[in-house]
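Novice: The primary structure of each chain is shown beneath.
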Amino acid sequence: MTTAARLPFMLKDAALTAFVSAALGIFIIGFHTVDVSGKGLVFDYWFEDLAVAVIVIFFGRLGLSMAAGGRRWPALVLGVALGVAGASPLRLPSTFLHWFIVIAAVLIIVRAIWPWVDVELARMRHSTHGVAAGRAGAKWFGAILLVAAAIMPLMPFADQKTMDLAVLILTYVMLGWGLNIVVGLAGLLDLGYVAFYAVGAYSYALLSTQWGLSFWVVLPIAGMMAATFGVLLGFPVLRLRGDYLAIVTLGFGEIIRLVILNWVDLTNGPAGIGGIPGPTLWGAVFAETAPPGKQTFAEMMGIPFTGNQRLVFLYYIILVLALITNFFTQRIRRLPVGRAWEALREDETACRALGINPTNTKLTAFAIGAMFAGFAGSFFAAKQRFISPESFVFIESAIILAIVVLGGMGSQIGVVLASVLLIGLPEWFRDLGGYRMLAFGMAMVLIMVFRPRGLIAHREPSVRLHPVGSKT
Amino acid sequence: MAYFSQQLINAITLGAIYGLIAIGYTMVYGIIGMINFAHGEIFMIGAFLALIGFMICTMLGIGSAPVAILLVLLMAMAFTAVYGWAIERVAYRPLRGSFRLAPLISAIGMSVTLQNYVQLAQGARPKPGGQIISGGYNLFSADGFDVRVTWLQIIIVVVTVVLMAGFTWLIARTPLGRQQRACEQDMKMAALLGVNVDRTISLTFVMGAALAAVAGMLFLMYYGVIDFFIGFLAGIKAFTAAVLGGIGSLPGAMLGGLLIGLIEVFWAGYFSSEYKDVAVFGILVLVLIFRPTGLLGKPEIEKV
Numbered sequence: 000m001t002t003a004a005r006l007p008f009m010l011k012d013a014a015l016t017a018f019v020s021a022a023l024g025i026f027i028i029g030f031h032t033v034d035v036s037g038k039g040l041v042f043d044y045w046f047e048d049l050a051v052a053v054i055v056i057f058f059g060r061l062g063l064s065m066a067a068g069g070r071r072w073p074a075l076v077l078g079v080a081l082g083v084a085g086a087s088p089l090r091l092p093s094t095f096l097h098w099f100i101v102i103a104a105v106l107i108i109v110r111a112i113w114p115w116v117d118v119e120l121a122r123m124r125h126s127t128h129g130v131a132a133g134r135a136g137a138k139w140f141g142a143i144l145l146v147a148a149a150i151m152p153l154m155p156f157a158d159q160k161t162m163d164l165a166v167l168i169l170t171y172v173m174l175g176w177g178l179n180i181v182v183g184l185a186g187l188l189d190l191g192y193v194a195f196y197a198v199g200a201y202s203y204a205l206l207s208t209q210w211g212l213s214f215w216v217v218l219p220i221a222g223m224m225a226a227t228f229g230v231l232l233g234f235p236v237l238r239l240r241g242d243y244l245a246i247v248t249l250g251f252g253e254i255i256r257l258v259i260l261n262w263v264d265l266t267n268g269p270a271g272i273g274g275i276p277g278p279t280l281w282g283a284v285f286a287e288t289a290p291p292g293k294q295t296f297a298e299m300m301g302i303p304f305t306g307n308q309r310l311v312f313l314y315y316i317i318l319v320l321a322l323i324t325n326f327f328t329q330r331i332r333r334l335p336v337g338r339a340w341e342a343l344r345e346d347e348t349a350c351r352a353l354g355i356n357p358t359n360t361k362l363t364a365f366a367i368g369a370m371f372a373g374f375a376g377s378f379f380a381a382k383q384r385f386i387s388p389e390s391f392v393f394i395e396s397a398i399i400l401a402i403v404v405l406g407g408m409g410s411q412i413g414v415v416l417a418s419v420l421l422i423g424l425p426e427w428f429r430d431l432g433g434y435r436m437l438a439f440g441m442a443m444v445l446i447m448v449f450r451p452r453g454l455i456a457h458r459e460p461s462v463r464l465h466p467v468g469s470k471t
Numbered sequence: 000m001a002y003f004s005q006q007l008i009n010a011i012t013l014g015a016i017y018g019l020i021a022i023g024y025t026m027v028y029g030i031i032g033m034i035n036f037a038h039g040e041i042f043m044i045g046a047f048l049a050l051i052g053f054m055i056c057t058m059l060g061i062g063s064a065p066v067a068i069l070l071v072l073l074m075a076m077a078f079t080a081v082y083g084w085a086i087e088r089v090a091y092r093p094l095r096g097s098f099r100l101a102p103l104i105s106a107i108g109m110s111v112t113l114q115n116y117v118q119l120a121q122g123a124r125p126k127p128g129g130q131i132i133s134g135g136y137n138l139f140s141a142d143g144f145d146v147r148v149t150w151l152q153i154i155i156v157v158v159t160v161v162l163m164a165g166f167t168w169l170i171a172r173t174p175l176g177r178q179q180r181a182c183e184q185d186m187k188m189a190a191l192l193g194v195n196v197d198r199t200i201s202l203t204f205v206m207g208a209a210l211a212a213v214a215g216m217l218f219l220m221y222y223g224v225i226d227f228f229i230g231f232l233a234g235i236k237a238f239t240a241a242v243l244g245g246i247g248s249l250p251g252a253m254l255g256g257l258l259i260g261l262i263e264v265f266w267a268g269y270f271s272s273e274y275k276d277v278a279v280f281g282i283l284v285l286v287l288i289f290r291p292t293g294l295l296g297k298p299e300i301e302k303v
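In the order they appear, the protein sequences are chains G and F.
Numbering of the first sequence is given in numbering that gives the first Met the number 0, commencing with residue 0 and proceeding in unit increments.
Numbering of the second sequence is given in numbering that gives the first Met the number 0, commencing with residue 0 and proceeding in unit increments.
In short, the hints are calculated from the structure, not lab data.
Heads up, a few of these hints could be off.
[Claimed, not checked] Derived DEER-like restraints, expressed as beta-carbon distance ranges:
(1) G/P335 <-> F/K187: 34 to 40 Å
(2) F/G134 <-> G/I102: 50 to 56 Å
(3) F/G32 <-> G/R90: 48 to 54 Å
(4) G/G39 <-> F/F228: 20 to 26 Å
(5) G/P335 <-> F/S97: 28 to 34 Å
(6) G/M154 <-> F/S97: 38 to 44 Å
(7) G/P235 <-> F/S97: 27 to 33 Å
(8) G/F326 <-> F/R198: 22 to 28 Å
(9) F/G62 <-> G/F42: 52 to 58 Å
(10) G/G273 <-> F/G62: 50 to 56 Å
Only a predicted model underlies this, so the values are computations on that prediction, with no experimental measurement involved.
C-beta: ideal position from N, C-alpha, C; glycine also.
Could you build all of it, start to finish, from the sequences and the hints given here?
Specialist: This is the structure:
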């Protein structure tokens, strides 16, 4: 048995972890400050919460290291015991602690049974049967998902809340697919993607409210605007190395947001732009009453008006837009420029030696990615009917990037999974409140630590020297 | 002239704070080649620890300002250093040797986590506090305008200069500094020669965090109000400072911090305060385009 698997060592390790956690939390959590009117800032001590958390961390660490050291049964027992403790009506200072204990228990149990699952999975994956099934599954999974997405609004469970969420998720899927061109294919880390989204949104908002242009006219214009910004911003900076590029794009994202915020004459500044018209279908608007000279969709079709019609329409628009993005990406990967992107991602020096102009190639990726963000942005403005600079802060860029990276860079289906996971689940658990973003950040760290290549790490190569099935 | 001198004094003070944060970026980048995106959050936690420390001092009845400042400084540095250590251990060490973007994404996740952690633990409202030193010294009067340097500004600059000198000595003269520089040049070779690479990297994070804590305390004392979001902007500006001065170079970080402070204050003073951040980001972009190695950085040779 190795040192790491001996019980005294584990106990010491767990105690150390608990000690460090206590040191981390003692002031920030223990001394909770509250504003009391008249008295200023005063302490409201949260030592009990901290103590419970530290004890849970001790047992959690112990359980995890037992599971990792091969003592699965004790770990399982510990996990179940923690789970029971967390679920029991124990009197704890806050309900969050109950959740904390349960999450720790689940982690230990998963870690303890993971080796068995892993062995089974590996056996399945490596049998000839498994490989064939995997390939067929990958082929059909996308198709099934597509059909499910297409008929989703017709399902009985598709009420207003569900449709709203579905539209939101699809918006992020589209943004993820757009950013995937830049990050996944061309390997350029863009931390300011939301800037192009903002350009698209403000293009539509301004053109529609100022000049009365319709959504379908503005959509290509917004895309072009965003692409132009992509070229303008990308041109000077694309020769930079990876992480420098990341910071510069972040800087650009902030510059655009600050300009929108402060250029009050054009953008109305922090107050935002309201009264943006929604998209129309052959001139018919989606509202209870139509503005003069127009008719509503319900009148045109001769059906009674329901609030859901608008959402269903929006849903199909964003679905089609997202699918266009996906289709475009799949196709362009097979064109010379797409191949050049992937080659650049793998080795820039080799590309240069082969006569590819890195700056121009990167610029096309940057511009095309920006264009899709512009489309999504004008859709967002049409959906929300109100936009303000607050929708385009850095954290949005981080979320979109997280979707791409967690999905597995370059994987299209991974983006869908990650969007559902990162946008759908947290929206569903709205009442988590502030813990939502905390969990989001932790998930980003954990997935990077345990699966640095993303959820769908496997990527089919675009080119095979010897196609599968061919005799070589 | 008077206005200019006053702005200059303010700019140097601000620049000193940025410089202290920038050192953390520059040291980490120098040794493991990653942008520690969570460093701004470390600075924010340092500021919160200082706030809580000052409140505890008041509660314990420590009336003397120098004693309180010294106690809070030590406490904030020590506990922020634990954060620096823990972040490296949890979020970056497992990713060493992974693909290029993994640590950066993990760092962004850490930054989001820390921000929300402090928001949950301490509330989202801005917290006032830490203003225990007042008064100053009138340098001269001109154009009916007093040019004034406050005691606090003097303290900020002195503390920064002392810490800078200390750290330069640490890097240049001590065994620890030698190990750090060895790891910076060639981690594998350093490990072969008996340098404990993990420990050296951890200590780098600890040192960077301690300096960020000092910056956090000075920030709190200077502005008198903090919230959980201050780390984002300060972090980016300090990173800009590090890049401007030449990332990986300690004097460069200080020089960069000073320049960023000057640009920001003078832009706000003479042009428009709304666009001062735009000016800073613009400088970052310009520097990276025309001199990616920064003012004092060494050119990097790309090897295949």
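Novice: Hint by hint, note whether the structure agrees.
Specialist: For each hint, the structure was consulted:
1. G/P335 <-> F/K187: 34 to 40 Å: This hint holds: roughly 39 Å between Cβ atoms.
2. F/G134 <-> G/I102: 50 to 56 Å: 51 Å, holds
3. F/G32 <-> G/R90: 48 to 54 Å: 50 Å, holds
4. G/G39 <-> F/F228: 20 to 26 Å: 21 Å, holds
5. G/P335 <-> F/S97: 28 to 34 Å: 31 Å, holds
6. G/M154 <-> F/S97: 38 to 44 Å: 41 Å, holds
7. G/P235 <-> F/S97: 27 to 33 Å: 30 Å, holds
8. G/F326 <-> F/R198: 22 to 28 Å: Taking Cβ atoms as reference, G/F326 and F/R198 lie about 52 Å apart, which means the hint is violated.
9. F/G62 <-> G/F42: 52 to 58 Å: 19 Å, violated
10. G/G273 <-> F/G62: 50 to 56 Å: 54 Å, holds
Violated hints, in rising order: 8, 9; the structure is consistent with all others.
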